[in-house]
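2 protein chains.
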Amino acid sequence: MNYHRVVFQPGDVLLEVPEGKNLKEAMNDAGLEFDFPCGGRGTCGKCRVRISKGLAAPVPREQEIIQAQELDAGIRLACLTTVDNDLLVELPNKNQLKHNILITSEARSFQIAPHLQKLYLEIEKPSREAHSSDWHRLKDSLIKQGYKERALESEISIFRKMPDVLREADNRVTAVMYGSEVVGIEPLDSRNTLLGMAFDIGTTTIVGYLLDLSSGEELNVVSALNPQTAFGADVISRLTFASHEESGLNKLHNAVIEAINKLIAEAIQKTSIGREHIYGISIAANTCMHHIFLGINPQSIAVSPYVPALSEPLVLDASDLKIDINQAGKVFVLPNIAGFVGADTVAVLLSTELDQSKDIKLVIDIGTNGEIALGSREKIVACSAAAGPAFEGAQISSGMRGAVGAIDHVYYRERLEYGVIGGGKPLGVCGSALLDTVAGLVELGILNKRGKILAPDQLTNPVAQRFKENLIEYEGQGAFLLARENETGHGRPIMITQSDIRELQMAKGAMAAGVRVLLDAYGIQVQDIQEVLLAGAFGNYLNPHSACVIGLIPPELESKIKMIGNAAGTGAKLALLSADEYRRARDIAEDVKFVELGSYPRFNSIFGECTYFKVP
Amino acid sequence: MNYHRVVFQPGDVLLEVPEGKNLKEAMNDAGLEFDFPCGGRGTCGKCRVRISKGLAAPVPREQEIIQAQELDAGIRLACLTTVDNDLLVELPNKNQLKHNILITSEARSFQIAPHLQKLYLEIEKPSREAHSSDWHRLKDSLIKQGYKERALESEISIFRKMPDVLREADNRVTAVMYGSEVVGIEPLDSRNTLLGMAFDIGTTTIVGYLLDLSSGEELNVVSALNPQTAFGADVISRLTFASHEESGLNKLHNAVIEAINKLIAEAIQKTSIGREHIYGISIAANTCMHHIFLGINPQSIAVSPYVPALSEPLVLDASDLKIDINQAGKVFVLPNIAGFVGADTVAVLLSTELDQSKDIKLVIDIGTNGEIALGSREKIVACSAAAGPAFEGAQISSGMRGAVGAIDHVYYRERLEYGVIGGGKPLGVCGSALLDTVAGLVELGILNKRGKILAPDQLTNPVAQRFKENLIEYEGQGAFLLARENETGHGRPIMITQSDIRELQMAKGAMAAGVRVLLDAYGIQVQDIQEVLLAGAFGNYLNPHSACVIGLIPPELESKIKMIGNAAGTGAKLALLSADEYRRARDIAEDVKFVELGSYPRFNSIFGECTYFKVP
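Top to bottom, those sequences are chains A and B. In terms of full-length UniProt numbering, the first sequence opens at residue 1 and continues consecutively. In terms of full-length UniProt numbering, the second sequence opens at residue 1 and continues consecutively.
This is chain A alone, in the form it adopts within the complex (with noise of 0.2 Å):
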């Protein structure tokens, strides 16, 4: 199926939208915000966008509804509109949508089977003859369907509770539980309503999944971009943050708990259910964002050995947390593997079920830090390798992140081509851009087998005759011009520099290295490998071809690539969802076997060798 690029502005938020798909359709499944007040007939004229690049003739509806003049500035009803184009979609101020975060993935089967669940209870009433207290009265009724009586037990928020519903609603109440605990106690029958919201905490983000307990049903999607940006890009800077500065955990535990109870008043706005029908919530996050998460302190992962103080599976109160959902409800956090290999990469490895594949598969979630999993049903082993912010725009002379204005990729035609997110000129390039710039270079041989640009006169292949004119020398070293100065959105040239190329080198050789290691602590060749499974943004944004060119994966396995979109999102929800996936989470972190890179024989030379090019 063919896709289109849509990106809204406000927000810069880019979605994949396939060809042929309503509008409205494509920002409901991606859980955009947005109001159809008359639900997408047509009929009211509220849904009004304006569509600044991209846009088609107005169908009759519209004609009828917006004015001439509207209509030829690009005013059309999102209800009306289908994708036949990458379209920039101007949306009213007020609906302001989130930073370009990805919110699809691919879906596996799986059974509920979820840690929380409703029972209806009628419950004795109190008499002269049956005289026991409330609480043991309703334990009657549990017992009645097969609880155990000295299993059973609540905690203080619903003993308090407790005498008011059960006068209220005439004894007749919906108990809510977790294993033999009775965490909520609802007047009347209110099973149809339990909810709750899987979170994906990433260093950059946060995403956050509105679900149905009983039917699975994911009822919203929310993200925001991570407030703990403001004390740190990465996960080092957190840490150094977290450990040194005066409160540093305090305030990067707050910002993160602010965050995400600002996401859940966020996520259920829209529905009739108050944040009290919230009992779980699970999260899945990098070891030091669960760290600060938790309020732990994360320094001793910064310092080797990289220990982290907690890696197993916990069950919290919510309240203990200060998360706003019902005051006796859960948190699930998911389980860690090591100090680099937090509980987003379990959760990966439960979303793609690696633990129970008869195929080799080799998992990639590239980031700064990128995790790297390689394994089957036999066994799994994993390592972080340390890549640097390159992928992500960072530390790259032209570099940005991949939001409006961001030259995404690269194409070597009859002459140099490339795609800007949102349309428009060109402000900077983003990982993936980068990826195919240099991949060009390296198969049109401008790039020595060390990454060198090569002078005009020392180029053999005749295609690169075309780019010659892209090959400048700026500021005392080579570079590759992928704009000149009239052609951006602010005036400056953008072009990949002979420094650009060497910190693309350190990340791809950091990556390539570690699937080295990870091949020979298997014990396998690479031909071994029957699936590349790339997780999250920068994953399911690259061009594989490029990622497989430059090195950074094995060319032999660009074939067997498949992009899974963000996985951690999908076992944060299978985790919720369900108290089996929940527990298989915890098997595969105690079985997964770490691999610590830096104290790996021979490492360096892997590493230096993985930085090299394989030119033609």
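Source of the hints: derived by calculation from the structure; they are not laboratory data. Check each hint, because a few of them may be wrong.
Identical chains share a label here; the pair holds if one copy fits it or two copies do between them.
Unchecked claim - With a Cα cut of at most 20 Å, we get these calculated SDA-like pairs of lysine to any residue:
id: 1; residue 1: LYS614; residue 2: ASP189
id: 2; residue 1: LYS161; residue 2: GLN299
id: 3; residue 1: LYS593; residue 2: GLU129
id: 4; residue 1: LYS452; residue 2: LYS562
id: 5; residue 1: LYS21; residue 2: GLU90
id: 6; residue 1: LYS322; residue 2: SER157
id: 7; residue 1: LYS562; residue 2: HIS4
Note that the structure is predicted; figures quoted are calculated from it, not measured.
Position chain B relative to chain A; hints supplied.
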């Protein structure tokens, strides 16, 4: 042994001290806080008090270090004073003690088996080989001590503390265990410090016992008036306030929690030990105080069928109740039996071991609501009798509580004599003197069976003639004069009126009817009772003979009466020092058969009969 009454002012604290005992020892034993800087060796001269009644000649050391003028004014050293008389002791103002609160009790033997225990652990240091998490390595140490891996758990406050403690103490720590739960982690070897506090929360007073959980040693006893008295003196007015006043429950709840936190601070003030070393508290209270302590609406206790919200024993997190002990400390709440037979009664029964007694015993805790239990190891029946406030001196014309100035005992000798708490001119009568007075009137034939004061010419007992002058007419009703205007502290006469006698008849009738109903429910006769145990403050101060003469206690049992002091406090201590005793409390609460007097067949006529006196 001969006892003397020693009253301390300000504060009106009454101690019964064996003749010849050192005053300092008596104060220490009773847990009264007072500074003895030199340890009571008579060297520093700092423990000065003024003895205003019962003063003896100074000893030589006192003559050396106290000026003659001061000696004349009654100044003595507490550490050099022997109790050979009733004493009135004035303390420096800053040493104001608490009101007349019973803090002594007879201990029984038991096995210390604390809920909480400390283990010293030397945890494996992290290395590149042993890079599992802090928590994992801590668990490994515990597994070596016999714990099961899957059962081990802890909570967020411990996880937050763990990394720093481990590093600060180079992986040598002391874990505080509650079952398989790690509730504390302290640097190095701190096994010799593990504290708890047992609380008896009465309607009027709260007593707290600071205990060493390892040795069982009582380190301190503290007490305070229950600050809820500001919102109503008795249980019924508290119930009304909690249910009908705006935020009534919260006000009462906060008041008791604040009082407990103050008592904790007071208890540890003299020790060098911080409150974070207190890991557990136990709570005995009547059902209403129990609910309010927990913040649970007690409304259902107030109305038929008088059902509590919660009777079961509870182990709660101290932090959930905002109790200022260790952040991860536990609260052990003793179970209730019924709406008006609470955890305090369970504690009394636990302290008396009624559940294992071969003999049938009657246990009585006299108060506004008198709790009565009858039983043996075969079975126990219990009830609550609504005696009203007469025993506490309330609703009695000259009545007052058992504080300084109260006539507390009355003797019919050649002429009428009485004792006054603290000595001096009397200000009123307290409950025990009301009993003595009426018992004398019954024995002398001055009252008839129905409680009517007879006219002087109706008296047949020649001894009664001695007290003819005490028989007066006052405001249109008969009365018995105890002290004339010129003999009292306020210039008004003190007497017992016909109405007062009626009040007492209602009170003793309710208690006696309760005993009758329990005998009937148990299926035995009064002579089958082997022992009568009187618990609580009033039970400890009353004259047992008087109680039997007026029929409060069946006269056949007079020789079988034993005072057991603050047995509820003893029970609370047992439940804290021994997990076995705590479980036993649960069994007692489950096994005791509650008898509701109001719905017992023929209760009203039994009560009516019991208001009568048995006249000679």
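Cross-check of the supplied hints:
In the homo-oligomer, the alpha carbons of LYS614 and ASP189 never lie at most 20 Å apart, since the shortest distance is 66 Å inside one protomer and 60 Å across protomers. When the C-alpha separation of LYS161 and GLN299 is checked against a cutoff of 20 Å, the pair qualifies only between copies, where the shortest distance is 13 Å, while the shortest distance within a copy is 41 Å. In this homomeric assembly, LYS593 and GLU129 come within 20 Å of each other (Cα to Cα) only across copies, at 12 Å, whereas the closest approach inside a single copy is 61 Å. Taking the shortest Cα distances, LYS452 and LYS562 never come within 20 Å of each other, neither inside one copy (31 Å) nor across copies (101 Å).
In this assembly of identical chains, LYS21 and GLU90 lie within 20 Å of each other by CA distance solely inside one copy; the values are 18 Å within and 92 Å between copies. In the homo-oligomer, the alpha carbons of LYS322 and SER157 lie at most 20 Å apart both inside one protomer (14 Å) and across protomers (13 Å), since each shortest distance falls under that limit. Taking identical chains as interchangeable, the C-alpha atoms of LYS562 and HIS4 lie at most 20 Å apart only when both belong to the same chain, with a minimum of 19 Å there against 92 Å between chains.
The structure is inconsistent with the numbered hints 1 and 4, although it conforms to all the rest.
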